[in-house]
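Q: Spelled out from the first residue to the last, the chains are:
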Amino acid sequence: DTGVSQDPRHKITKRGQNVTFRCDPISEHNRLYWYRQTLGQGPEFLTYFQNEAQLEKSRLLSDRFSAERPKGSFSTLEIQRTEQGDSAMYLCASSPHRGPMNTEAFFGQGTRLTVV
Amino acid sequence: EDKVVQSPLSLVVHEGDTVTLNCSYEVTNFRSLLWYKQEKKAPTFLFMLTSSGIEKKSGRLSSILDKKELFSILNITATQTGDSAVYLCAVPHNAGGTSYGKLTFGQGTILTVHP
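The listed protein sequences derive, respectively, from chains A and B. Anchor point for the first sequence: position 102 equals 102 in the numbering used here, and the numbering is continuous, going up by one each time. Anchor point for the second sequence: position 37 equals 37 in the numbering used here, and the numbering is continuous, going up by one each time.
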């Protein structure tokens, strides 16, 4: 499978616990994005990497959230001290760099987080 | 801040019907508009529209963009139960003349096709 891969697919955790999700983008895609999607809403942008550099973070990304892409390949998203409001689908997407031209982002299957 | 509004929010039809989904947008330095289909998992790409008035077509699906009126429509003809999904419209952020793919999505239209 050469698409965007996310792990785990589902995560149930108790409030207050830390969780970490992993995303493996399509090979050679140097742009990687994290989105969050709650029921009945479209995905909301969280953060963006170009190679290993985190170039933008949404104000939705509180201090409890941190994302890394240490070698410019896979990325991790960590949520510390989870709250029930963090329950959502976390989607990762990647796209190639093509200069000023737009290109579609390719999404992974998502990690569904449930905080109980 | 970029804004995307889709309508209707949900739609229930029978197989064979034709549906039209709407997407209006407000975006700084518009470059393109994208349509995705989401079936309980990853959004999958359908169309990218950049030029006004030029229809993109793929099988029973087609889409067109009106840059003057700032909207796009997605048409599905002869609907099938497999078309049941959430259809998302999105616009990429465009900063300083380049667009790096950060997408602003609409709420989506939930399409249900009954046999």
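To be clear, the hints were calculated from the coordinates, so they are not data collected in a lab. There may be inaccurate statements among the hints.
Claimed, not checked - DSS-like mimics (lysine-lysine), calculated; alpha carbons at most 25 Å apart, straight line:
#  : chain 1 : residue 1 : chain 2 : residue 2
1  : B       : K56       : B       : K68
2  : B       : K68       : B       : K40
3  : B       : K3        : B       : K41
4  : B       : K40       : B       : K57
5  : B       : K67       : B       : K57
6  : B       : K67       : B       : K3
7  : B       : K37       : B       : K57
8  : B       : K41       : B       : K67
9  : B       : K67       : B       : K37
10 : A       : K14       : B       : K37
11 : B       : K3        : A       : K14
12 : B       : K68       : B       : K3
13 : A       : K11       : B       : K41
14 : B       : K67       : B       : K56
15 : A       : K57       : B       : K41
16 : A       : K11       : B       : K40
17 : B       : K41       : B       : K68
18 : B       : K3        : A       : K57
Keep in mind the model is a prediction, meaning the values are calculated, not measured.
Q: Tell me, in ascending order, the numbers of any earlier hints that this structure violates.
A: 2, 8, 10, 11 and 17
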